[in-house]
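Participant: Letter by letter, the chains look like this.
Number of protein chains: 2
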Amino acid sequence: MYLTQPLHRNRQQKPNDIATICGERTFTHAEFYDRVARLAGGLRASGAEPGDRIAILALNSDRYFEFIHAIAWADAVMVPVNIRWSAKEIAYSLVEAGVRILAVDDAFLSLLGAVRELTPGLETILHCGDAPTPDGMLSYEALVAESDPLPDAHRRGDALAGIFYTGGTTGFPKGVMLSHRNLFASAMGCAAAGTVTANGRVLHAAPMFHLADLGLAVIHSALGGSHVFIPSFEPVATMAAIGQHGITDVLLVPTMIQMIADHPRRAEFDLSSLRQLTYGASPISEALIDRARKAFPAAEFAQAYGMTELAPAATILRDEHHADPALRRSAGKPAPHVLVKITDEAGDEVPRGTVGEIVVSGENVMLGYWNKPEETAAAVRDGWMHTGDGGYMDENGFVFIADRIKDMIISGGENVYSVEVENAIAKHPAVTQCAVIGVPDPQWGERVHAVVSISDESTLELEELREHCKKEIAGYKVPRSMEIVDEFPLSAAGKILKAELRKRNTG
Amino acid sequence: MYLTQPLHRNRQQKPNDIATICGERTFTHAEFYDRVARLAGGLRASGAEPGDRIAILALNSDRYFEFIHAIAWADAVMVPVNIRWSAKEIAYSLVEAGVRILAVDDAFLSLLGAVRELTPGLETILHCGDAPTPDGMLSYEALVAESDPLPDAHRRGDALAGIFYTGGTTGFPKGVMLSHRNLFASAMGCAAAGTVTANGRVLHAAPMFHLADLGLAVIHSALGGSHVFIPSFEPVATMAAIGQHGITDVLLVPTMIQMIADHPRRAEFDLSSLRQLTYGASPISEALIDRARKAFPAAEFAQAYGMTELAPAATILRDEHHADPALRRSAGKPAPHVLVKITDEAGDEVPRGTVGEIVVSGENVMLGYWNKPEETAAAVRDGWMHTGDGGYMDENGFVFIADRIKDMIISGGENVYSVEVENAIAKHPAVTQCAVIGVPDPQWGERVHAVVSISDESTLELEELREHCKKEIAGYKVPRSMEIVDEFPLSAAGKILKAELRKRNTG
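Heads up: the sequence lines are chains B and D, in that order.
Add 20 to the 1-based position in the first sequence for the working numbering, that's all there is to it.
Add 20 to the 1-based position in the second sequence for the working numbering, that's all there is to it.
The set of hints was computed from the structure by calculation and includes no laboratory data.
Hints are supplied without guarantee of correctness; some may be wrong.
Restraint-style ranges between C-beta atoms, simulated for each label pair [unchecked claim]:
1. D:Pro70 / B:Ala257: 53 to 59 Å
2. B:Asp339 / D:Leu138: 54 to 60 Å
3. D:Ser478 / B:Asp339: 45 to 51 Å
4. B:Ala346 / D:Pro70: 42 to 48 Å
5. B:Pro345 / D:Pro284: 50 to 56 Å
6. B:Glu477 / D:Ala343: 48 to 54 Å
7. B:Leu129 / D:Pro70: 57 to 63 Å
8. B:Asn36 / D:Tyr496: 31 to 37 Å
It should be emphasised that the depicted structure is a prediction, and the values quoted were computed from it without experimental measurement.
Backbone N, C-alpha and C fix where the C-beta goes; we use that ideal spot for every residue, glycine too.
Hey, can you work out the whole structure from these sequences and the hints?
Facilitator: Structural data, given as structure tokens:
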């Protein structure tokens, strides 16, 4: 299977059904197909060659979705740009990937000048926003309207589908090369695992440049679904879209779920159409799962763990496993399309319950890092992706993610895994979110530090929380310092940015 | 994904759950894994080299299932033998595939002498029956007990998984080469389409040498299911197994469904555990679907159309489409893993509603015919499998199978597609099954001839049936001759053997 394949199937089977909804714009599958074919023709006419890397820097929209399909249709390679990046980071990735054509929407026009200055190879800018097209740029809608449709290149198999830059928030960005086969191995594995509504209607609220949402998009097209887009996550817009369009499936992160579950206007919206709520980035706390189930009464919850290099899914925590508080802190079991092992530094599998590195094999494992053969060889060994994530597996195959191995806290010579401490803290009913990090300490080398948010109605004192932890975990794991915050620094994907927290606590 | 991959997953996630049940024998996933690894070691020690073709001629059993996994585990290629074939046909395929090792169970020991005589290259016979192992053969259980486990070769991707001989009933057998990727493209497509119960318990009643059942087996292993085996389809044994083992999924053909639905002892068995009933080979008639739903009150019905060359599925008729009598005669819509076109002789797509050849593309399309590059080139052109089946597609993508193009009836210069006539006949409430063929006729060249079975309580006269047809279809399509039969000649897969019917009517 490959990116453009579902367009042919959906046009064949349901030409007049809705394919995409974005604000006031609605397109059928026949129209979607036609627009993509024309846009691909426009890209070709604008100089796009087979194998070219073509980038997009934009908020979510139907055009974003059309554009990435048109790129594949024209036998080229998509480079979705991280919307949280600085001009410098963006330019770094565009230069490294050799991008000559970039699509940009209104939200990023102001950033464009700086990006262009740092990216001399950029030849063509395609404006895909709703505002008038600035001088010197191609108009997206004009390109669709005025171009002849191109026949589909049917780019597929091991051919490169996209380069997805990661790691911009910590260290040097790396371009993850994913093939069409990679994307669909993950997509079909998740679909076979039953976490996708066939012929559903999926809402794209999480950012589409990220594989979490893009992976879900791919599955839904393959199963005949339709797509609704909002520019970015915002709780009221998300609830309104679900109610208005009968959304069946959505991908969120726990932070977003919480913002909806606790929203004062929640009762105004009908969220009962939602069948599947897939979340990632972190487990869902006991307090939140109950509130989330009330907010989405008909939804099954599934947690997916993975990474861009895995296109992206590796493990899935099914709805029925959320009832058990111990399992709910896991990332679920290896999905049908992968094998997962926990290994020691020598690469040998460790006993169940022992923390090691999570390694994954399957047809979803990336082709490699763009232009980085050494990093590729270090990450993918004998077909196994070395995730860099620490974790352990229980007797039934449930994977528990410890912290990033490199982020493991060594305090007084003892190894402390943040996840274990976080789980202990999260058991306190007043805690809504928490993150545990190591901060430099003259006495202990590193000290276990907890950053916590608590529910509005709570008056929790830190001393009480410390006493709670002492009952749950060994003394050396109990945070020596704690702070309560109103909100956490989050990545574009909604992950808590521990690097950011560390910076604040070391400065 | 690949054949042995689910063994690792299932042992990891549910080592002590049941993997296989066959008569009195039950094995857990850990035991199944261990037996396959040892059997693979035994095969290697018995001279099996990587890439060797290793055959099995046996009724359904847990050992059949273990054996084909052990073959892949040992980096070799399975050759499941059609159990309806003569010694001559079997020998033809074994010689052509260069088979040196053959497993055989008690049911086929009497045939073995003749097969060996015609297959000089056969070096090793493995006896996988329950009777004492005859002299000169290896004992299956001894091989499992006495061999050291081999590490899994993880044979996968485009590597050959098996050679599946087809066409033995008409013409020269051809060995369909299927890769691991082929098998799992179809399996995951069907799973994603929702026609498989995850963690289910599947009954193997249809013959396992055939891709229809083997394809279902592959899916269930991938989704953590367990397997129950009966030697071959027999209505009471099938009903007993469903009731005793809480079977959730089964593949049958309409003839088998009918034998259960109309069985006088049906009420003795609890068939309410069945969730998914997949059937193939032909549509299900209006009269039968109602009786079948009563027999299997909790089951969803899905029809799959495909062929060995497609590993095997191409289209799926979902449960909800069975309510519409017109759609129920279709083979459903193209499944997520394929594209389907209806083409004319020039290879161009024909308008909807027009009969042409059904051609299919996808990662399930076979690698080719073993040692037959010309036949391969004729069948697979530019990635599209030319099925040789005639059919048309309606406006919503439903595919209707006409007869084999080469079997199209030309009567008085007019083209008559059997399916259209069969559909007309099947609409009569007294008809339980029918087949329409062309027979030589001095006046018309070919004459449309109908073979019909009717329900026991009916006293239908052929003249009444003819009048019924006249209301449904054009005069030249109405059968000029008809006969009522008690039963039809069936292939091992339960397909009505039209070639056989033709022979009877031309002799």
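Participant: Now tell me if each hint is right for this structure.
Facilitator: Now the hints, each set against the structure:
no. : hint                            : result
1   : D:Pro70 / B:Ala257: 53 to 59 Å  : 57 Å, holds
2   : B:Asp339 / D:Leu138: 54 to 60 Å : 56 Å, holds
3   : D:Ser478 / B:Asp339: 45 to 51 Å : 49 Å, holds
4   : B:Ala346 / D:Pro70: 42 to 48 Å  : 44 Å, holds
5   : B:Pro345 / D:Pro284: 50 to 56 Å : 52 Å, holds
6   : B:Glu477 / D:Ala343: 48 to 54 Å : 52 Å, holds
7   : B:Leu129 / D:Pro70: 57 to 63 Å  : 59 Å, holds
8   : B:Asn36 / D:Tyr496: 31 to 37 Å  : 36 Å, holds
Of the numbered hints stated above, none is contradicted by the structure.
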